[in-house]
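2 protein chains.
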Amino acid sequence: MPTYTAPNADFDFVLHNVLNIQEQDIPGYEDLTQDFTSAVLEEAGKLARDVFQPINASGDQQGCVLENGVITTPDGFKEAFDAYREGGWNTLDVDTDYGGQGLGYVLASCVGEIFSSANMALTMYPGLTHGAISAIHAHGTDQQKQTFLPKMVDLAWSGTMNLTEPHCGTDLGLMRTKAEPQDDGSYKISGQKIFISAGDNDMTENVVHLVLAKIPGGPEGVKGISLFIVPKFLVNDDGSLGARNGVAVGNIEEKMGIHGNATCVMNYDEATGYLLGDAHKGMRAMFTMMNEARLGVAMQGVSQAEAAYQNALAYAKDRLQGRDVTGVKNPEGPADPLIVHPDIRRMLMNQKSFVEGARAFALWGAVMIDRAHKNEDAAADGLVSLLTPVLKGFLTDVGFDMTVQAQQIFGGHGYIEEWGMSQFTRDARIAMIYEGANGVQALDLVGRKMPKDGGKHVMAFFDMVKTFLTENKDNAALADFVGPLKEASKDLQAVLMHFMQAGMKNPNDALAGSTDALHMFGHVCLGLMWAKMAKAAQEALDAGTDNPEFYNTKITTGRYYMARWLPTNKTHMARAMSSSDVVMDLPAEAF
Amino acid sequence: MPTYTAPNADFDFVLHNVLNIQEQDIPGYEDLTQDFTSAVLEEAGKLARDVFQPINASGDQQGCVLENGVITTPDGFKEAFDAYREGGWNTLDVDTDYGGQGLGYVLASCVGEIFSSANMALTMYPGLTHGAISAIHAHGTDQQKQTFLPKMVDLAWSGTMNLTEPHCGTDLGLMRTKAEPQDDGSYKISGQKIFISAGDNDMTENVVHLVLAKIPGGPEGVKGISLFIVPKFLVNDDGSLGARNGVAVGNIEEKMGIHGNATCVMNYDEATGYLLGDAHKGMRAMFTMMNEARLGVAMQGVSQAEAAYQNALAYAKDRLQGRDVTGVKNPEGPADPLIVHPDIRRMLMNQKSFVEGARAFALWGAVMIDRAHKNEDAAADGLVSLLTPVLKGFLTDVGFDMTVQAQQIFGGHGYIEEWGMSQFTRDARIAMIYEGANGVQALDLVGRKMPKDGGKHVMAFFDMVKTFLTENKDNAALADFVGPLKEASKDLQAVLMHFMQAGMKNPNDALAGSTDALHMFGHVCLGLMWAKMAKAAQEALDAGTDNPEFYNTKITTGRYYMARWLPTNKTHMARAMSSSDVVMDLPAEAF
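Protein sequences, first through last, are from chains A and B. Here the first sequence stands for residues 1 to 591, where the numbers follow the UniProt record's numbering. Here the second sequence stands for residues 1 to 591, where the numbers follow the UniProt record's numbering.
In isolation and in its complexed conformation, chain A is listed as follows (with noise of 0.2 Å):
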């Protein structure tokens, strides 16, 4: 069975020697000191390892059942969500109005890692109700907010968001769940959704679902669509639960993975919904939380490759077969460890070098969110703005391959669900597809977010880079780091140079390389991660310190990063410049 310790060393370094935190003049960051973060991320690390992994493989098994229309979650996932509830977990970075502790997303970040490695499927309970509450707060009335946040805030009623319908995901153009609006200034939703994550459950007092739907009578396409919220049961004015409203799970689905969530078909029928933002603009007001709710999904891509590598680690260490070839290793056994293997070094050190920087990267982006939120910093939300596909799409996918990776390590065992590799490889497939397939992220890069305006939010990206390179450039201790980063982040300049070009007279040039260009971005995100971090570590070691193994180990991880990762770019290059004639060419039918 997989155990799983949170990686709190890894989590204080980024915070405060890469990010250096402490210095960021963001509101609410002036509590996060090292102590405290410290403090933080361990009893998050204790309640996960202690009582959210455990129940992990057995909520895989058994999944959720739906049975007279109730859903019941797997053994112990209640008694898990009420100990997650009661520790305030939720509450961390929510408005003090409503209940919380209003100490940044930075810090929930860190946190979502650490449940999520341990249990995915269960802490998307939370995770979305999470995002519901970001959506009331930045659009809803005062009343919504006082009638809802507090309640959904304690987790005592969870949220979701109800947007694919069976014939319209990506293109929510083609949306046909109806909003009638009522005398009472209400709205009766009816229609069908599907998809819907932790769409119900047997864990809070009621559901409160964010659905987008069209009234009748506005403007066609993605332009006519609204947001609402509907509640599971209707509240009374005094706060109190009425009557269930008209709205039903109708099915769960049989999913590859996440089996401990419920992922609903709900059906609507005149249920009663409340207007959420300005009725036609419910696609700006689901826009407004989809950097956060895309850095989560990027964030579950890394914690499946940390909890996948740390039992593919231990598996390596522990599991004795073959020799190493250049000398014995444990002369006493009958073999050595898989790890003295190079082939297995390899792909321990792709997972490590990857989730380590993946780790640093979603945690600067979740800084640039709340610089965005809490500072008004329109330059950090056009960055993070752009980087967000990025995040999601890169580190969902590698992510998943990293899963992968630490599940060939275990041969065999690899492949029995006993042993909980697969697992992990199962629910981190779901990270590369929900929350805008990845092909999407790619589009949503190359054709929106590079070009907005004027391209000014991508130029401050390489002017950040080259101010780095340019620092950086006599630092002997940085050679490995540098010269790399240099090229690497040429090469997408190229390619996005190759883009504008050809893609004026033929925008298929660059939409046939977009999931390339998206992964060049990616390793090059990664690169200045790692080149940042080679920086502190080395500035650590400099300054003396009683764990110079940690540092050391940080250097040569970002080495093995810059040598062995970087160069994917190499392909990806090569195939965004070359034409799309050959992506385009075959007439459909000729397939």
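Simulated from the structure, these hints should not be mistaken for lab results. Heads up, a few of these hints could be off.
What the hints assert, rightly or not - Capping the alpha-carbon separation at 20 Å, the derived lysine-lysine pairs in PhoX-like fashion look like this:
hint : chain 1 : residue 1 : chain 2 : residue 2
1    : B       : 505       : A       : 329
2    : B       : 281       : B       : 145
3    : A       : 505       : B       : 329
To be verified - Reference listing, derived: stretches of chain A covered by chain B, where coverage requires no fewer than 3 residues with Cβ under 8 Å from a Cβ of chain B:
hint : segment
4    : 162 to 171
5    : 340 to 353
6    : 551 to 557
Every residue gets a Cβ at the ideal spot worked out from N, C-alpha and C, and that includes glycine.
Based on the hints, put chain B in the right spot on chain A.
Relative to the frame of chain A, chain B by itself:
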């Protein structure tokens, strides 16, 4: 629910236009006219489509059940197995002396791909039997052959391979299963074997286990391993079944996929076994059929990618979502089909160009196996032995990736079991692991096969590529193929040269890049196949054909491979040429 249609036009093309099997001077091939192979494959395709495929998803859902020591396979498996048996599908390439048709392994490989695409878990039962037949045929005494082969060829009895034990997978030298010699010349086999595919079933009267075990007093390690025939029921002198032997299924494993195949823990308790081949030469006996077994697994990788691709393609043509940015393609509909989008096409072209190239590569391997066996051609044997780890490792790694991409095209529906795309991914995953995990294939390639016979076979391979390049250097129709192939071949040679030189000083420099080299080798082989296919297609077009679309599509698909797949080697090369220090530097305890 997924569907499947055998790609018979493609088999025809590869067999008769590319490999020109009718011109090969190989015994048994004289019967393989285009009319004949087409008729055979059409029949195989019908049985696969109508009988095997419809029980693929239900077999996955039901799995195998063990009750009171008896295994029950999923509904419909026995009927489908009987139909397969009655059609003689397992006898195509078997020696006519024992009930086979003597038609060559190349045709059996086509049929293997077809049935495996339709139902991999079910096809493994006859597949493993086929491997056991080959082993007994190669190493058995006349009496053993007469006792076991006719029944196995007829599929009245099935066969298995028993190698792995709980503590030893790759490192078979650690084996504990014992074989005590008896006065009558038989042995008493005792021990536990795990991960035994098709370990037992309710479809055949007897199961003939081939078991690796150690005769006490023999040499240490792998040099002291012998191979035994251990039937589930002993066989009387008249060929009828006698007493139950001391072998029992201890458990069946819960796995990620291939649920319809019973993966068994087999307990041997003084079971009667018969030495197959020479004492202590069991590894050698196993290795004589390794090329064939590994090619079979390679074909599984291709088969799942093909089946997944077919369904992804159908979905991409059917599902309406978004609009073509270069102009609406389906003005009557609410949206355009997915296939108009460049990133969807990228994934489809990836799959299509990989699968068709992989099929040609695998069938070329099958021809070499036939030539090696039937013509006793040492050069063919050397070449296919060199390429076997490439076939197995590359085609199953990339085959799995392609099932993931096919699943991705379905968006959220790809994650729902009902749509069947998850099963292709879960089933394909095992092919990377069993029959030697792919890291072991890379080690076999770099550490054993390349240096074998003074590098003679690897030089023969490059000579063959060079000959093709020289012969076609002025062929304008092949310009998009010859250049990229030449460069990829040169890059691969540079890496192998680097391994030889650097590996002399430090073997880790070669081993840390072994998987990269294996993938480079794979891309060069597929590049060669595509160049040959493009040439054959151009020749067919030049000669005049009533199906120009097929050949034009072939050339366009090949162009995609050369432009967008081959550059993968740039990354592999950069990794393989970089020092292994970054892979090996970290002390195990610092991870």
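We went through each hint and held it up to the structure:
no. : hint             : in the structure
1   : B/505 with A/329 : holds (19 Å)
2   : B/281 with B/145 : holds (19 Å)
3   : A/505 with B/329 : holds (19 Å)
4   : 162 to 171       : holds (count 6)
5   : 340 to 353       : holds (count 11)
6   : 551 to 557       : holds (count 4)
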